[in-house]
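*Asks:* Chain by chain, the residues run as shown.
2 protein chains.
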Amino acid sequence: MNYSSAFIPTLREVPSDAVIASHRLMFRAGLLRKLANGLFAYLPLGLRSFRKVEQIIREEMNAVGALEIKPTVVIPGELWKESGRWDAMGESLLRVKNRLDNDFVVSPTAEEAFTAIVRDELSSYRQLPLSLYQINTKFRDEIRPRYGVMRGREFIMKDAYSWHADEKSLDETYQAMGRAYRRIFKRCGLSVIPVKADSGAMGGSGSEEFMVESEIGDNTLILCKKCDYAANVEKAGCAPDFTPRTIEEAKAAAERTEGSHTPPFEKIETPNVKTIDELCAFLKMESTQFIKTLIYRAVNVELDLSSAPGCAKLERKKPAPDAPAVYPEVFFAAAIRGDLDVNEVKLAAALKASEVSLAADTDVVRLTNAPVGFAGPVGLTALPLIIDHTVTAMNDAVTGALAKDLHYQHTAYGRDFEGWLTVDVRTVKAGDRCSLCGGELYTKMGNELGHIFKLGYKYTRSMNVSYLDENGKSQTPTMGCYGIGLDRTLASVIEEHHDEAGVIWPASVAPYHVIIVPIKYDGEVKDSADKLTAELTQLGIEVLLDDRNERPGVKFNDADLTGIPWRVVIGDKGLSQSTPQVEIKYRREKENRNIELEKAAAELAKNIREEIAALNKPIG
Amino acid sequence: MNYSSAFIPTLREVPSDAVIASHRLMFRAGLLRKLANGLFAYLPLGLRSFRKVEQIIREEMNAVGALEIKPTVVIPGELWKESGRWDAMGESLLRVKNRLDNDFVVSPTAEEAFTAIVRDELSSYRQLPLSLYQINTKFRDEIRPRYGVMRGREFIMKDAYSWHADEKSLDETYQAMGRAYRRIFKRCGLSVIPVKADSGAMGGSGSEEFMVESEIGDNTLILCKKCDYAANVEKAGCAPDFTPRTIEEAKAAAERTEGSHTPPFEKIETPNVKTIDELCAFLKMESTQFIKTLIYRAVNVELDLSSAPGCAKLERKKPAPDAPAVYPEVFFAAAIRGDLDVNEVKLAAALKASEVSLAADTDVVRLTNAPVGFAGPVGLTALPLIIDHTVTAMNDAVTGALAKDLHYQHTAYGRDFEGWLTVDVRTVKAGDRCSLCGGELYTKMGNELGHIFKLGYKYTRSMNVSYLDENGKSQTPTMGCYGIGLDRTLASVIEEHHDEAGVIWPASVAPYHVIIVPIKYDGEVKDSADKLTAELTQLGIEVLLDDRNERPGVKFNDADLTGIPWRVVIGDKGLSQSTPQVEIKYRREKENRNIELEKAAAELAKNIREEIAALNKPIG
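Here the protein sequences line up with chains A and B, keeping their order.
For the first sequence, our numbering gives the first residue as 1, with consecutive numbering after it.
For the second sequence, our numbering gives the first residue as 1, with consecutive numbering after it.
These are calculated hints, taken from the structure and not from any lab test.
Incorrect hints may have been included.
Below, a list of computed lysine-lysine pairs in the DSSO-like style, where the Cα atoms sit at most 30 Å apart [stated by the list, open to error]:
1) A:K81 to B:K81
2) A:K97 to B:K70
3) A:K70 to B:K34
4) A:K81 to B:K97
5) A:K34 to B:K70
6) B:K520 to A:K34
7) B:K473 to A:K531
8) B:K520 to A:K473
9) A:K186 to A:K34
10) B:K97 to A:K97
11) B:K81 to A:K97
12) A:K70 to B:K473
13) A:K454 to B:K34
14) A:K617 to B:K617
15) A:K70 to B:K70
16) A:K520 to B:K473
17) B:K34 to A:K97
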């Protein structure tokens with residue numbers, strides 16, 4: 001392809017709204033243009049790389065036996081009403097009415113469409129397992145699209161869905177998809193961090209996210225310096241830095257008469273002291289000696305609260321006919337060691353609640369009979385108390401005393417208070433220890449590129465999918481889903497592979513493998529450039545020939561900016577050597593070297609094939 | 001690919017709403033399923049063929065230098081407002097509002113999006129000509145979608161757009177696109193009828209449609225039995241079967257005193273006679289001796305009517321600020337020889353009207369002072385009279401007399417009446433003569449698969465696209481557009497290539513090239529089938545191996561239904577020969593033949609390559 005015919009409008013200036021490298025470089029290198037906020041057009045160079053990512057994903061999906069199909073992008077709203085997501089999805093779902101007043105959605109994902117197709121065709125257990133996928137347009141009406149295609153409104157997603165007769169079969173496909181995902185990202189040259197939802201329980205995980213490190217990541221990741229432990233902070237655990245105790249052990253320790261024991265708890269005046277930091281300063285104690293007690297409001301709680309303090313009068317309701325009964329609103333207290341924070345996602349999971357957030361001040365005052373800042377576990381009876389495991393190890397602690405400007409000291413778990421539920425709700429942070437190997441944990445910000453997930457029966461039940469098993473009995477299949485965002489994957493390749501001068505494409509997803517830069521595209525130089533282009537093309541190497549009548553500096557800058565892996569410079573000086581020479585340079589390196597023109601095609605082809613082979617090499 | 005893993009749900013029964021072969025067979029052969037009215041999902045087998053059509057189109061577009069890009073499917077409404085199509089397009093345009101109340105459209109075509117991209121990047125004449133295309137999802141909210149993907153709501157279209165400095169450059173790209181379209185359809189195995197909008201003027205055509213014959217076609221085509229003349233009936237012309245005359249010639253002939261002349265016209269009573277047929281029977285004359293006069297209502301007439309009869313008081317209006325001034329509503333009379341019909345599309349073109357239709361009865365009565373059925377050119381002053389060329393040759397004709405139950409006989413053009421405008425508004429029909437070669441014309445029903453069109457300045461002007469020419473002067477580029485419907489193309493392949501038993505794929509777009517049918521997939525038969533599969537795959541041949549535990553009859557039926565070009569049957573009997581034999585059969589032929597197993601792979605590969613090579617062979 002001749003550069004002058006390739007429509008590569010590179011830019012010197014940076015778009016004003018582009019704060020991350022991939023966004024800047026996709027515009028500057030002429031890969032992408034903006035149609036509207038969150039809507040982008042891939043230009044020819046960008047689309048070439050995009051298609052390579054797409055093809056890698058397609059090959060790996062096919063390799064694990066998934067079959068590609070193509071439903072529509074615009075999906076009947078009826079299917080979304082069947083699954084319940086028409087109501088459950090918020091405003092990010094783009095809903096459309098057509099001229100006949102029928103409801104449609106512009107697909108953000110396609111569980112409903114795929115399940116509807118399979119429902120009509122599935123009859124026998126012999127058809128299972130079945131994995132189908134598409135690589136197709138999706139739309140999410142982001143309130144604040146930004147970072148270019150990293151968070152756009154319209155994007156392309158590979159979404160696969162699988163159906164199974166049993167959990168074992170689902171797990172096999174789920175594991176195979178996980179391996180395929182690792183290969184996909186490796187082939188694209190990406191370092192991903194696979195994050196299991198429940199990293200502690202090996203093999204039992206039902207969800208794994210594939211993250212890349214990113215300064216603007218949506219997710220905080222907890223990683224171990226010694227082993228490959230990686231978790232989303234929302235679900236991360238850590239090795240205990242305390243000795244957990246049963247309530248009996250704690251009580252016995254507080255009450256024993258020989259050796260050390262805990263004095264009876266007593267009130268202390270703490271005027272105008274509300275936060276843990278203020279309390280530490282006022283009492284000259286470490287934050288680990290305090291118990292922090294927070295009041296939370298939980299929504300749609302599925303947990304049985306019939307025996308919980310303060311919950312006797314609460315009633316359960318069904319939000320939908322097929323849904324389980326829940327308590328619409330419940331307040332909880334959560335107690336944790338003073339140096340730690342409560343993780344609301346963990347707390348919500350423990351309560352089986354759809355949402356958990358700090359209670360409003362008025363609710364705190366009502367439930368604790370004290371201003372905000374003086375909640376404590378001792379004497380708290382108006383609501384259920386959730387105890388983090390750290391608290392079970394505390395024998396002599398300071399806590400709020402449920403009254404203004406008053407705390408208790410010498411409180412002891414087991415002797416002075418006990419919890420209604422004891423769980424892990426601790427937010428893990430950098431410096432904590434890995435629960436697998438004891439190594440030091442650290443944090444990274446991450447962006448999710450892919451997600452594999454055991455859906456279970458959510459869609460197959462709500463949409464009435466069934467098949468006949470070996471005994472002719474009707475059964476409901478279980479289901480998995482597996483997504484990858486293509487635009488985000490491509491942008492992440494650039495995030496990981498660039499320098500000041502531009503993109504540095506891995507050969508597997510480079511728009512072209514070689515850029516040939518004739519110093520002046522004329523005479524013998526032109527002939528040599530054309531000949532080398534033909535030789536490389538013959539070898540299956542994709543060549544961009546910079547035939548423009550521009551200064552060499554302009555061409556070199558564009559070669560660096562567009563990030564083509566190998567650059568060949570052809571000039572009169574090199575060609576006039578006794579054996580004609582050209583200069584070759586690997587984009588990733590600073591040095592260039594001369595090589596005989598006659599040997600250039602073979603050498604370049606070998607290097608490119610080796611790089612791609614290394615990227616494609618199976619993971620050990 | 002093993003059949004049992006390929007998700008090919010073939011059907012014995014025919015979907016009740018499937019009236020055409022492609023619709024029936026796409027469902028029966030497991031290529032397609034319905035999600036909702038006009039919305040379809042391609043299953044794995046259908047998608048494989050679909051992707052091959054897509055790849056053929058992509059290759060031919062790239063070959064003519066068009067560059068693939070990928071804008072979004074959901075396009076900002078603002079762009080459509082700029083071009084004026086937001087208002088001009090009817091309800092088939094799917095309009096969406098998002099959560100921020102911004103307007104969007106789900107693209108039916110993409111002139112606006114492409115023009116917006118080019119507008120921002122185009123600066124110099126050196127960038128022209130430029131051709132860009134996409135192969136992407138489109139949506140048209142058809143009131144009555146039917147015939148499967150032949151007329152669906154969502155579909156995939158290849159749409160290309162080009163920009164040029166001058167008409168000559170546009171014409172070069174337009175011609176190249178036309179040649180590419182011929183190659184695309186030939187490679188897909190399709191017989192298309194290229195229909196020029198204005199077939200008479202060679203090289204001056206600005207629009208060409210690529211039609212396939214179809215019983216349910218939207219278009220009536222006029223074709224010549226002797227030459228390659230083909231036109232849409234809306235625009236078709238024919239050789240005159242009369243001698244056209246100027247008004248002076250006609251008048252002189254009617255009034256000459258020596259030899260034959262036309263007697264003075266006179267009233268004749270024609271009680272209860274209204275139609276031409278009734279009149280022929282009543283007067284015992286041929287329909288060619290009558291002048292048929294019809295009253296039409298035209299909307300948005302651009303033609304200057306300041307000197308036209310009955311139009312003195314009409315006022316022009318501008319429907320939009322940038323649009324030319326038009327008369328919102330005008331009535332016309334059109335006179336034509338009695339055996340012919342007026343073509344409303346031709347009439348609208350002659351009047352530069354956006355729409356022409358027969359006037360309501362009340363308007364006819366008001367304008368002719370007579371009941372419907374008695375309009376005639378003599379004495380008609382209330383409105384402009386349009387004369388078809390055929391009328392100029394009529395010297396002694398019967399016409400309506402503008403009064404109930406009365407006609408005139410012996411009327412003569414030039415002597416008794418003249419027209420305000422004399423044009424060709426004749427509807428050409430089977431049996432008329434070709435204007436190019438005099439051959440007999442015949443008709444076919446056709447469906448449009450592709451369309452190439454010289455857009456001119458419509459979008460570049462309304463959207464303010466400009467570039468600097470050689471002299472640094474700002475210019476507006478001219479533009480072409482070129483579309484192909486992929487779904488319709490695929491369905492048309494099946495329409496043209498099928499029989500009672502199923503699809504008969506051309507090798508170029510077959511989902512697989514070979515289906516191997518082991519009589520029983522077991523023992524030596526299985527080993528031979530697996531080995532042959534491996535050999536063929538090694539040769540680049542795509543194989544579907546029917547590994548199912550089904551009766552041979554079931555497998556043979558499915559092989560015929562799915563239409564894989566070559567079937568190989570492997571059984572114990574053939575394998576037990578001194579040199580083991582298998583049976584091969586070309587789907588298009590009735591006979592099968594035995595061939596040595598050892599030679600089967602090479603022979604099949606040769607046949608398939610030859611078929612594809614013949615389809616790919618350049619058009620002379």
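*Asks:* Hint by hint, say whether it matches the structure.
*Replies:* Tested hints:
no., hint, in the structure
1, A:K81 to B:K81, "violated (33 Å)"
2, A:K97 to B:K70, "holds (26 Å)"
3, A:K70 to B:K34, "holds (11 Å)"
4, A:K81 to B:K97, "holds (20 Å)"
5, A:K34 to B:K70, "holds (11 Å)"
6, B:K520 to A:K34, "violated (58 Å)"
7, B:K473 to A:K531, "violated (38 Å)"
8, B:K520 to A:K473, "holds (29 Å)"
9, A:K186 to A:K34, "holds (29 Å)"
10, B:K97 to A:K97, "holds (10 Å)"
11, B:K81 to A:K97, "holds (20 Å)"
12, A:K70 to B:K473, "violated (48 Å)"
13, A:K454 to B:K34, "holds (27 Å)"
14, A:K617 to B:K617, "violated (39 Å)"
15, A:K70 to B:K70, "holds (18 Å)"
16, A:K520 to B:K473, "holds (29 Å)"
17, B:K34 to A:K97, "holds (19 Å)"
This entry does not satisfy hints 1, 6, 7, 12, 14, going by the numbered hints stated previously.
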